[in-house]
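Required output: the full structure, derived from the provided sequences and hints.
Protein chains in written order, with UniProt numbering: chain H, 1 to 245; chain C, 1 to 245; chain E, 1 to 245; chain U, 1 to 245; chain Y, 1 to 245; chain Z, 1 to 245; chain B, 1 to 245.
Hints are supplied without guarantee of correctness; some may be wrong.
As a list, the in silico BS3-like pairs of lysine-lysine whose alpha-carbon atoms are at most 25 angstroms apart [stated by the list, open to error]: (1) U/K43 / Z/K56; (2) B/K237 / B/K177; (3) Y/K56 / B/K216; (4) B/K177 / B/K215.
Residues of chain H placed beyond 12 angstroms of chain C at every Cβ, according to the derived structure [stated by the list, open to error]: (5) E52; (6) Y102; (7) D186; (8) K231.
It is worth saying that the hints were derived from the structure and are not from the lab. Source: prediction; values computed, not measured. Just so it is clear, CB atoms sit at the ideal spot from N, CA and C, and this is done for glycine as well.
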Amino acid sequence: MLPAQQGYDRAITVFSPDGRLYQVEYAIETVRRGTIAVGIKCKDGIIIAVEEKPRKLQISDTAQKIFQIDDHVGVAAAGYIPDARSQVDNARFFSQSNKMIYDEPVEVETIAKHLADQCQQYTQYAGVRPYGVALILGGVVNNTPQLYLTDPSGTYISYDAIAIGSGSDQVTDFLEKTYKEDLSLDDAAVLASAGIYLSSEDKEGTSHIRMAHIKKETGLYELVPEEQITKYANDAKEKYPHEQK
Amino acid sequence: MLPAQQGYDRAITVFSPDGRLYQVEYAIETVRRGTIAVGIKCKDGIIIAVEEKPRKLQISDTAQKIFQIDDHVGVAAAGYIPDARSQVDNARFFSQSNKMIYDEPVEVETIAKHLADQCQQYTQYAGVRPYGVALILGGVVNNTPQLYLTDPSGTYISYDAIAIGSGSDQVTDFLEKTYKEDLSLDDAAVLASAGIYLSSEDKEGTSHIRMAHIKKETGLYELVPEEQITKYANDAKEKYPHEQK
Amino acid sequence: MLPAQQGYDRAITVFSPDGRLYQVEYAIETVRRGTIAVGIKCKDGIIIAVEEKPRKLQISDTAQKIFQIDDHVGVAAAGYIPDARSQVDNARFFSQSNKMIYDEPVEVETIAKHLADQCQQYTQYAGVRPYGVALILGGVVNNTPQLYLTDPSGTYISYDAIAIGSGSDQVTDFLEKTYKEDLSLDDAAVLASAGIYLSSEDKEGTSHIRMAHIKKETGLYELVPEEQITKYANDAKEKYPHEQK
Amino acid sequence: MLPAQQGYDRAITVFSPDGRLYQVEYAIETVRRGTIAVGIKCKDGIIIAVEEKPRKLQISDTAQKIFQIDDHVGVAAAGYIPDARSQVDNARFFSQSNKMIYDEPVEVETIAKHLADQCQQYTQYAGVRPYGVALILGGVVNNTPQLYLTDPSGTYISYDAIAIGSGSDQVTDFLEKTYKEDLSLDDAAVLASAGIYLSSEDKEGTSHIRMAHIKKETGLYELVPEEQITKYANDAKEKYPHEQK
Amino acid sequence: MLPAQQGYDRAITVFSPDGRLYQVEYAIETVRRGTIAVGIKCKDGIIIAVEEKPRKLQISDTAQKIFQIDDHVGVAAAGYIPDARSQVDNARFFSQSNKMIYDEPVEVETIAKHLADQCQQYTQYAGVRPYGVALILGGVVNNTPQLYLTDPSGTYISYDAIAIGSGSDQVTDFLEKTYKEDLSLDDAAVLASAGIYLSSEDKEGTSHIRMAHIKKETGLYELVPEEQITKYANDAKEKYPHEQK
Amino acid sequence: MLPAQQGYDRAITVFSPDGRLYQVEYAIETVRRGTIAVGIKCKDGIIIAVEEKPRKLQISDTAQKIFQIDDHVGVAAAGYIPDARSQVDNARFFSQSNKMIYDEPVEVETIAKHLADQCQQYTQYAGVRPYGVALILGGVVNNTPQLYLTDPSGTYISYDAIAIGSGSDQVTDFLEKTYKEDLSLDDAAVLASAGIYLSSEDKEGTSHIRMAHIKKETGLYELVPEEQITKYANDAKEKYPHEQK
Amino acid sequence: MLPAQQGYDRAITVFSPDGRLYQVEYAIETVRRGTIAVGIKCKDGIIIAVEEKPRKLQISDTAQKIFQIDDHVGVAAAGYIPDARSQVDNARFFSQSNKMIYDEPVEVETIAKHLADQCQQYTQYAGVRPYGVALILGGVVNNTPQLYLTDPSGTYISYDAIAIGSGSDQVTDFLEKTYKEDLSLDDAAVLASAGIYLSSEDKEGTSHIRMAHIKKETGLYELVPEEQITKYANDAKEKYPHEQK
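Next comes the structure, spelled out in structure tokens:
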């Protein structure tokens, strides 16, 4: 860090002479240091997947980086995970409130905008630091799969497929090369597995992969069982062998 | 940055010895680093256009830098886009409140002044940073096209045609040379396309151009469909060939 | 700036060892960097005039630096213009309130004191920076023309004629040499035009001059139409030729 | 300023290692830099006088440094004048409230203590800077002339005669040498004029002298008309010739 | 510490250029400096144990680092112990409230999430420092032993066995090597004793070991009496002799 | 001042590495720089005395450093006198409230504790600086003379005789050598005069000595008239000649 | 102090890179600089004792460092004594409230926890500094003597015998060597005297020793009269002669 930048990262988020908000960029750096998370939208629904490398005696029943928001919406997170939990709680409450007010499931975009608006506020007002986490929100509303990304800056964007966290540039490149709109949910799960292998140091096994899907036909968030992930992972190694090196 | 300036960009926005508000100037620098946005008023209505370069798998249905405020008003933004969204939400609420109170569509200037007043306050009070975004507000009220610019300093100004963001000086020069009051809406759209080509690194295609118009006859904000933008862009290349180099 | 002064211009306005309030002096420097504004009281009423150099496509209908406060009062501003707008809104509300409470037009001095009191507070309390603008308030109350100046320090003073902004020292000298109490409104307008030419880089044309008067006979604030300004400007060039160089 | 003192003059008023409140001393320095103000108590009443050097076109009807508080009390100020106005408003309101509650004119000491108490608080609490002004309060209550001084530290003291502002040490010396308890109001006015000449750069004319008296017989605050001041000034030059050099 | 890091550890918790929250990492360092605490889940219940080295005349009836939360839940703490007490009070109140609202014993995870959420907030908002303590929460709910860890970052994770505090890396390694799911409560207690010996400087005696268990059959938190600990400790020395060196 | 101390005297009062509260010590230094104040308890009542050196035209009717709190209690102050006035007002209000609630005169210790408690709070909470004054409170309650000292640290102590302010160490030494419990009120007054002469630069006259007593027989606070002080002072010079050099 | 530590002791209490809370450690240093205080629990009750070296004319009726909290509880303090008084007031109020709510005397541990909880909060929240005092709380509840220590960190611990303040390490060593559980109250008082002699510079006399006991049989806090202390002190010199050197 250059000495001249010291003044811009204290207390409240302020502009630097070159018009940048360093605190926001540093928070995004936190996201970049997180483990990989992937989200893929396909014709049959949504796949979200994360790398979670538990310690040996950690009980992996409780996922740390993949969360259910509502019956039909889930989140994959990269960055400072306690912040993710804070945003997930916020999203759950917001989603339930929406359902009670409008008597229909909330749009994924509506949740994404709600979370991103809070992120923006945490970059503008004093007394709080920006969130240090990016979220991939996926869900199925009215039979339509929807996939959104939010980040510490307060941006939210809709994607067909996106990766965040460590190595996400490389994984997103990979997704851009291989993604097709007519992927089946299984194809997407294989692709997501390949993406995680690409970023992870663990090129074998699936104990470090956690995955959830929201199928278009049911519109329900479900964790993918480990045996199924193993199947996807094996298919991924077969189908995209060069990505596993 | 010179060491002597270090004291003026912390915490709260304060005056420097030469009477400048550095935080405001830095926020304006944020606008200058944003991608180009253009607004043109013509006899038939208003054209607003922005450059939006989506990543390959980004879904471009949801515009990031061009927003509808009300039936008859739209906004094109340059700078820190999450801030734009915050101001757009503010403007939408303000516009609806106005309609409910006065039972007639709000003037574009009234919205512009409302947003600019908030910008000014964010340069004077502690506990908040200035907005890092400039907005081109365009609309048609009582059959009259209106075009306004607001910026982080809290200034708002009415223009016939204006550009903000990266390369906006050059684009505004171009607009000043080519603008005529009796432009048709199509002419204005061609001019706006030429302006965006002038600033953008992408000199081909229109996937990075987003445009909306408010026609005088309908007084309604409408996104311009992609095929139409392509037509405008081709006309722009033909009509202003030297601007595309 | 000397290093020893660095401590006095941060956060809250505090006294320096030599008993100065640097933030206030810096705010006054902001006024000095603004374009020229002139106010002249004469036997027939009040003239206020400003230099406004609009960009080519800027619509000059909406003045930026000259404002109506009430039927009988106007303001010319120099300095940080968004701050001027904030004070003008304050003055308009204050003026209307006064009329409703006392059922007679408010004195110009009453408005000037009200604005200056707020300026003073913004130099004494934390959490806010001083206003960066000086205002010339002119009006006619009970058949009597009144002219006041307020500045960021919270001072307000009555003048027969005064200039603020860039080059104001030179223009005020000129006014002191040429001012006579029995000037007609036209004489005063010519004098004001000469003052603006004296400070401005534009020695030709009147597109950069905006003027308003409050005639004693009507007691009403009116913008002076451009053709009339042109006439005054031509007279000014004739009458004070040496001031135009 | 020595570097070692830099730590003691920021944000809130704190003690220095040698037990001093620098912000208060700097505020008193502001008083010392102000133009001279004089107050004299005599057997017939109170004289207060200030130097006010208006610009050529400034309208001197509105005094800047001498104020009426109530029918029977006036103030002469030296230092940061907008702060004086703030204290004067406070004193007027306090004086009126007192009259309404107790149904008799307020003692000058009561006002002086009220203002000094606020000064003290502004040296002890955060979020506000000390007042940068000293006030000479003079009045006649129950047929008794009373003269008080308040300063930024929160001190208030009763004097027979006192000077504040630039050159006040020299003027106070002069007053101490020449003051007698049996001075008539005219004698006191001559003495006050001599005091102002002593401090002022203007050794001729009286356009820079403003004076008010509260006569014991009427108990009413009145501005001394200019012709009368001229008479006093001439007498001063005659009576104290050496003080005018 | 490198000078470049000085800016990131003041007042409020902010991101460093490399995306880290130094205040949180320093708080975790506080945990690392604490004495060892161990938690083990086994088929018969939960063992939590801490090292507490009382001064000679300290009365060891009142444990400092091991606390009962509810009938069925206990906590072992490492780090800044007064902070542990603050979190324990919070947990007790939360647990009682839960029981009153839902009329059934609270899940250990629910408490862990509640405490971790507060930890997260103390890393994001100004005016408070992060908690300097990590907690091992163990309990038996519905016949199921549950073991959770919370730390200053706001993370909470479920473990079969975990150690925190000084030497915890080494102790956790030891637990990972020796842990088996079918451990009896006695086995677990022996393992916990071995873990504490491994970290502690005291390789003899048990006056520095404090232990509690929640047996599956009773579901009740009970302190393990000293004679029982001695037995466990002796078994530990016998069973894991090399860990005692 | 050593550079290493610079960090401990800003904004809020904090501990230094050697466990000191510098702001409190600096405030006590303010007391040490004040003029001398003396309090003596004797069998017939209480004497308090201060040095007050008025300027030549200052009216010495209003004492600056000696105050009546209630019928039976008085205060002598050394240090920053505006702070003394703030505490005196507080004490007067507290004393009246006490009388109204309990229908008997308040104990001097109760007042001393009340003021000292506030002093303590001003050393612990942000947003306020410590008081810069020490007070000697003397009074007669239930026929019993009582004498207390409060200082900026929040300490209050009962004394038979005590001096504060400039030269107080020397004066207290003198009091310790000469004080006897069976002093008459006149003896005590002579002793107090001698104490003030010992510290003061003025070794002649009594215009700089102010004194009050609360006689046991009346239990009433009374200022000692100047002729009486002169008598005491002359006796002091005779009785303690060596202390006057 | 090393320069690298300068950042950790300002404004709010924050963690240093090595996981320490410097402000808390500095506050504990304040305790270490205080005069010695000793507390001893024995079979017949509690002894608390402090060194208080009054100035010659100080009236020692009012103890400064030993306080009664309730009928059955007392406190001995070391460190910044005004802070002790603040905590003592808090404890008295808490104790009375407890008695009114539960209709039985409060446990000493309950008071100790209450005070320690507040200490902890003052290390975690902004706007306040930690307490600079440690307290030994002793009392007899239900015929059981209880002795507790609280310190600035928010820790509270039960002891049989403990010393705090200057030289407390040495005194605690001495207590650990000599303490026996079956001490009589007189034995404990002799031991406490010996402890104070050990730390104090005054090896003769008892004017600097203040002592209170709560006898098990009465359960009442009583100050030990001076003649009794003298007896204890003489016994201490005889019994522990080497500790007096």
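Here's how the hints hold up against the structure:
1. With a CA separation close to 18 angstroms, the supplied pair U/K43 and Z/K56 stays within the 25 angstroms bound.
2. A hinted pair counts as satisfied when its Cα atoms are at most 25 angstroms apart, and B/K237 with B/K177 qualifies at roughly 17 angstroms.
3. A hinted pair counts as satisfied when its Cα atoms are at most 25 angstroms apart, and Y/K56 with B/K216 qualifies at roughly 24 angstroms.
4. Our distance criterion of 25 angstroms between C-alpha atoms is met by B/K177 and B/K215, whose separation comes to about 24 angstroms.
5. No Cβ of chain C approaches the Cβ of H/E52 within 12 angstroms, the least distance being about 24 angstroms, so the stated non-interface status holds.
6. Under the 12 angstroms C-beta cut-off, the non-interface status given to H/Y102 relative to chain C holds; the minimum distance is some 18 angstroms.
7. At roughly 19 angstroms, the least C-beta separation between H/D186 and chain C is larger than 12 angstroms, which holds for a residue marked as non-interface.
8. For H/K231, the non-interface assignment is confirmed: its Cβ lies about 25 angstroms from the closest Cβ of chain C, beyond the 12 angstroms cut-off.
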